[in-house]
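K.L.:
Chain by chain, the residues run as shown.
2 protein chains.
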Amino acid sequence: MPNGRVVVIGGGPAGIAAARTAAEFGVDVVIVERLAYLGGRPIEENYASLTPYLRSAEEAIGEMVSPLLAMSNVSVRYESKVISCTGEKGDFSIVIEHRGEQESLSAASIVVATGFSHFDPGRETQMYGYYEFDDVIALQDLEAMLKSGQVVRPSNGEAPKRVCFVQCVGSRDRQIGNEYCSKVCCGVASKEAIEVRLAVPGVEVFIFYIDMRMYGYWESQIYWPAQEKHHVQYVKGIITEVLPKDGRLLVRGEDTTMGRPMEVPMDLVVLSVGMEPSEGTRAMAGVLGIAQNKYGFIEAVNPPLDTVSTSRPGIFAVGSALGPADLEDCVSTGGFAGAKAASISLAGVGV
Amino acid sequence: MPNGRVVVIGGGPAGIAAARTAAEFGVDVVIVERLAYLGGRPIEENYASLTPYLRSAEEAIGEMVSPLLAMSNVSVRYESKVISCTGEKGDFSIVIEHRGEQESLSAASIVVATGFSHFDPGRETQMYGYYEFDDVIALQDLEAMLKSGQVVRPSNGEAPKRVCFVQCVGSRDRQIGNEYCSKVCCGVASKEAIEVRLAVPGVEVFIFYIDMRMYGYWESQIYWPAQEKHHVQYVKGIITEVLPKDGRLLVRGEDTTMGRPMEVPMDLVVLSVGMEPSEGTRAMAGVLGIAQNKYGFIEAVNPPLDTVSTSRPGIFAVGSALGPADLEDCVSTGGFAGAKAASISLAGVGV
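Sequence lines, in order, name chains A and B. Residues 2 to 352 in the working numbering are what the first sequence lists, from first letter to last. Residues 2 to 352 in the working numbering are what the second sequence lists, from first letter to last.
Please note that a few of the clues may not be correct.
Once the Cα atoms are required to be at most 16 Å apart in a straight line, the calculated EDC-like pairs of lysine to aspartate or glutamate come out as [stated by the list, open to error]:
| no. | chain 1 | residue 1 | chain 2 | residue 2 |
| --- | --- | --- | --- | --- |
| 1 | B | K237 | B | E280 |
| 2 | A | K237 | B | D256 |
| 3 | B | K148 | B | E46 |
| 4 | A | K148 | A | E46 |
| 5 | B | K246 | B | D121 |
| 6 | B | K237 | A | D256 |
Calculated from the structure, these hints are not laboratory results.
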């Protein structure tokens, strides 16, 4: 009889959804988490709020975590990582490491929820100066500022008068090898733009974009209010360079709608960095022996009709371990994979 | 003890995923389908192929349907609809009607997978002439043509020399009340544009768009090959009018990149119509007493963290019954809801 345990690697929103769904069937679930807490990127990187409703990330993610931890058949190995995996669907043997100590776990199935990391703007071939200029920051840096309640220029602690977002940094870019669109940056930048307008009286906020990809309800939930209610200024254009000038930043590029070069002074430049596979996603692909796509994300074997099965039977991948994903994607793929994992466990116990 | 049955209303991709996932747990599943077959819109409207891999829709959907129908605990009521529902989570009583005859079914939980319908271009306030001119068609009309292997001008049966797609017909439009983006039309139009280029030697193909929303992998899977390999011509512009002229169609609007009016002759104009709630989605919201959003789609009660629960406990909604959705969304939400439904059934039998 196969062991009924489901092992979920990674405790962000997708992993939480997978664990919760599997646990609802009475299956034993162990979450292996590299940090000392659950919640994933939104908690680790101090997100202020979530798209599309600007709800506190801490509060919303807390509502996912608390009921999960209250379940008697769910346990978490914090500050741990999976270092080996043998066996097959229904009968895996996993070794995890926690502060140098090893533990063996059997598992009927495995869910990989190891997520993404933010593109490192130091790898950008264009001259945005993330590491050179204090007032050039990234989406997640602004999240942390918004959460702290202090939106200021890091260089001098003063409130910015003009803020801009530069879209598609590390996405849609053949030169750096990230040909995909990261899906959520248009929505996240627009959400943060609204929050900056609310936080800093009189601030002007610009978003330089190629296409605004506010798919589905984000169009009316975020994009329209950003323009009509909060007066965020969207400019279709390509930014090629950010330079220091007279204590501010000079943003250079082309306004593609007006068909002319542009040079605009800004106090704070926010790079809308895309998603890349996290270190954990890359590492787990190797440890578990599951196929990756050319970008390093885990490859689903039969999309669009099976969104979560990997190349190794009994192992599923969810959320942004599979590629660019919004929160809804994470929760839905997480729940779907949690069900598939649980059904393997229960197949051995008569259901 | 609650009855373990799960009733899935609608047998398209989302409903199939829900039914399959629930059935994997050994729960009895009944699918109530208004048509005489499963498969949903892709089959009913003769889609040629699916995004993003251009795989035959009939073949791919067939691979979802066949294993489902082979499961001994799954049955389908074809040409049927739900006419009433009483009771509560774990103990619903449903009445369905099939050719005038009624049947009562008990259910522990219900999944609403009643999907979308294509926007009717006759409701469009701009002058696109869908009902006036034979050579103005919609995305799904072109799918059926592509499936038949004959891409021709309906007016004279000849191969078109110039074809264009007009994006956002019935989407992103406050005047008609559809403020949302329909999410998939950019990808579907681009896929069809590639197929037209492959089907008709020498044809020129244009896509008039506001933003190309090729999120995630669609960017590199569809958008780049459409431009680089298949030479589809993307023009950022607003089309305001389609008129007959000299046996062809004159497409009028503004090229917003060039900042000038445009008037281009076309042989075939394809309207990229958006998604609206299907008649079944609107009807089921009423029969089941579940909340709808202002557009008539079923409202999820706690997104983004719960993507499928409705305002009535024990009833879930999936796929495009919830709003604009791609196939991956349909399958993932379907699977997630199938799990939630099955866990209600099993809660009564000791798991």
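K.L.:
If a hint holds in the structure, say so; if it does not, say that too.
P.N.:
Quick rundown of the hints versus the structure:
Our distance criterion of 16 Å between C-alpha atoms is broken by K237/B and E280/B, whose separation comes to about 33 Å. Of the supplied pair hints, the one linking K237/A and D256/B holds, its CA atoms being roughly 14 Å apart against a limit of 16 Å. Of the pairs offered as hints, the one joining K148/B and E46/B holds, with about 10 Å between alpha carbons and a cut-off of 16 Å not exceeded. This hinted pair checks out: K148/A and E46/A have alpha carbons roughly 10 Å apart, not beyond 16 Å.
Proximity of K246/B to D121/B is assessed by CA-CA distance (about 24 Å); at most 16 Å being required, the pair is judged violated. Restraint check for K237/B and D256/A: satisfied, since their Cα atoms lie roughly 14 Å apart, inside the 16 Å limit.
Consistency with the previously given hints fails for numbers 1 and 5, ordered from lowest to highest.
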